[in-house]
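Okay, here's what each chain looks like letter by letter:
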Amino acid sequence: MTTTLPEVRIRKGARYWTASFWNMLRFEFTNMRTYLVLTLVIQILMGGGMVYMYGFYFGEISDVVKTYIVTGIPALALIPVGFVLVPSSIMSHKIRDTYDFVWSLPVPRLASAMATFALFTSLAIPGTIVSLLLAHSRYSIELDVSWSIVPAVLLTSFMATSIGFAFAHAIPNPRMTNLITNLIIFLVLLFSPIVVQISQFPQWWATVHRVLPFYHMANVIRAGLSTGLVDNLATSWVILSIWTALSWLLAAWVVGRRR
Amino acid sequence: MTTAAIGVLPAKRQGTDHWIQTYVAMLRWELTNVRLLLPILILAQTISGAGMVFGFGLLIPSVPPRTAAYLVTGAAVITLILVGAAVGPQLVAQQKMEGSYDFMWSLPVPRSASAAAWLTLNVLIGIPGMLAALIAGWIRFDVGFEVTPMVIPAVLLTLATGTLLGYALSHAIPKPEITMLVSQILIFMILGFSPISYPAENMPNWLATAHQYLPFVHMANVVRASLVDGIATDVGHSYLVLAIWSVAAATVSALVLGRRK
Numbered sequence: 007m008t009t010t011l012p013e014v015r016i017r018k019g020a021r022y023w024t025a026s027f028w029n030m031l032r033f034e035f036t037n038m039r040t041y042l043v044l045t046l047v048i049q050i051l052m053g054g055g056m057v058y059m060y061g062f063y064f065g066e067i068s069d070v071v072k073t074y075i076v077t078g079i080p081a082l083a084l085i086p087v088g089f090v091l092v093p094s095s096i097m098s099h100k101i102r103d104t105y106d107f108v109w110s111l112p113v114p115r116l117a118s119a120m121a122t123f124a125l126f127t128s129l130a131i132p133g134t135i136v137s138l139l140l141a142h143s144r145y146s147i148e149l150d151v152s153w154s155i156v157p158a159v160l161l162t163s164f165m166a167t168s169i170g171f172a173f174a175h176a177i178p179n180p181r182m183t184n185l186i187t188n189l190i191i192f193l194v195l196l197f198s199p200i201v202v203q204i205s206q207f208p209q210w211w212a213t214v215h216r217v218l219p220f221y222h223m224a225n226v227i228r229a230g231l232s233t234g235l236v237d238n239l240a241t242s243w244v245i246l247s248i249w250t251a252l253s254w255l256l257a258a259w260v261v262g263r264r265r
Numbered sequence: 124m125t126t127a128a129i130g131v132l133p134a135k136r137q138g139t140d141h142w143i144q145t146y147v148a149m150l151r152w153e154l155t156n157v158r159l160l161l162p163i164l165i166l167a168q169t170i171s172g173a174g175m176v177f178g179f180g181l182l183i184p185s186v187p188p189r190t191a192a193y194l195v196t197g198a199a200v201i202t203l204i205l206v207g208a209a210v211g212p213q214l215v216a217q218q219k220m221e222g223s224y225d226f227m228w229s230l231p232v233p234r235s236a237s238a239a240a241w242l243t244l245n246v247l248i249g250i251p252g253m254l255a256a257l258i259a260g261w262i263r264f265d266v267g268f269e270v271t272p273m274v275i276p277a278v279l280l281t282l283a284t285g286t287l288l289g290y291a292l293s294h295a296i297p298k299p300e301i302t303m304l305v306s307q308i309l310i311f312m313i314l315g316f317s318p319i320s321y322p323a324e325n326m327p328n329w330l331a332t333a334h335q336y337l338p339f340v341h342m343a344n345v346v347r348a349s350l351v352d353g354i355a356t357d358v359g360h361s362y363l364v365l366a367i368w369s370v371a372a373a374t375v376s377a378l379v380l381g382r383r384k
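Taken in order, these protein sequences are the chains called A and B.
The first sequence begins at 7 in the numbering used here and counts up by one.
The second sequence begins at 124 in the numbering used here and counts up by one.
For the record, the hints were derived by calculation from the structure and aren't laboratory data.
It is possible that some hints are incorrect.
[Claimed, not checked] Which bits of chain A does chain B cover? Going by a derived footprint, with three or more residues having C-beta under 8 angstroms, they are:
id: 1; region: 59-65
id: 2; region: 195-207
[To be verified] Partner residues aside, some chain A positions facing chain B, computed with beta carbon under 8 angstroms:
id: 3; residue: Leu-51
id: 4; residue: Val-71
id: 5; residue: Phe-192
Beta carbons: idealized from backbone N, C-alpha and C, even for Gly.
Could you put together the complete structure from these sequences and hints?
Take a look at the structure:
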């Protein structure tokens, strides 16, 4: 007896990719819907709350220091989305055992990854704006906003999401991921030149921060909000791009491998 | 059929001896319970104590000796408060989620002995973080400490008030998720919006006034008075406020724990 097997068609092409991208975007959004408000709250606490907190700790400060704080706040508000929320959404899939299910969906993995990036990059925007407004109203510093703020925010948000995505997928144990996100927040809030000038850091620690992404995130955003405070802007763009590319390589390797 | 034993209840155990015995037993119980977590808790406390000193030391544009003294003693006090008000509630929330909470209360020990054991455990977790903050301050800013014997009652009262507050919080709120959330908010409030590590004049007036009625600034005041000279004022008033808060928290805990379900 000979039976003709049904013809297996592999779905591919740009049309299919776009359709899967939209489906995954809807899927991820629905998954995140209960966290939407929480995301905003966390961002406002990290961004807007820190303006007041640093203000209390710093006491009397000059206008330059104030400008540094205000222009550093958007970076501070973007960081928890990429470095905390993205990993914790991936962690929650691992903990609930839905992680393998998501990867078993018949969509290109790149489409799925891109959906995550698109979702979190856009989720991060409202909280960032609210935080900046709060900071601005606290110190009423003259800002000089230029068009470069748009690519600056998009690239930093995209980079933060990519790094969070890559390490959350690469590290199998969710507890380890949790520990790393906590360490990152600690490092960012207390030991990074985001709301202060890098020149007040000891030499060796400033050098470390010229390699890490946080200082450069603050730098490109600061350049979009003020004039005359930022030098070596091109270097910052290059370093942010390198971090994005590296995390994509790591993510591609982790997501693409078969188990 | 043996009916002879029915109707004769064993003697009710009470008295100081029984209390002390159960206290020691509960302390052993609690220590065994957190033995795996204990090194991590102490490490986290140490890192956050020293980290606050070094971190804000990096960020604050200029640190005159008075700011340094505030920062260092404040960091020490914050680690003490965090143990009771944040770590404690999270441990209790964990017991509730694991389902071991009711079992704990079914043990034949006086509840006050159990609470006292809990307090002792918190002292053990809290002291290393405080020392780390003070040592970090000495290394980084060369803060001149003038330690008086009052440091012992000040630290103990601070720890006790914080722990009792956390205790009331975690036992009075039935849902562990809400306890966790409230303790997160408390951490944020204590770290950022309480004049512990910086003078109250850095805050808006209304917030500084509100803090006169909350315990946190008074915790900082009594500990600071015992460690450095010339910053803390009106220490007697602070002791009084702290005493009122700890009695209130203990009363809430006693009411919650004493009722039958």
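Verify the interface restraint on Leu-51(A): the C-beta must sit less than 8 angstroms from at least one C-beta of chain B.
holds (7 angstroms)
Against chain B, does the region 195-207 of chain A show at least 3 residues with beta-carbon separation below 8 angstroms?
Coverage by chain B holds here, the residue count being 7 at a Cβ distance below 8 angstroms.
Hint status (Cβ of Val-71(A) to nearest Cβ of chain B, threshold 8 angstroms):
The hint holds - Val-71(A) has a Cβ within 8 angstroms of chain B, the shortest such distance being about 5 angstroms.
With a cut-off of 8 angstroms on the beta carbons, see whether Phe-192(A) makes it to chain B.
holds (6 angstroms)
Holds or violated: the region 59-65 of chain A covered by chain B, criterion of 3 or more residues with Cβ-Cβ distance under 8 angstroms?
Our answer is that it holds, as 7 residues pass the Cβ test (under 8 angstroms) against chain B, meeting three.
Of the numbered hints listed earlier, not one is contradicted by the structure.
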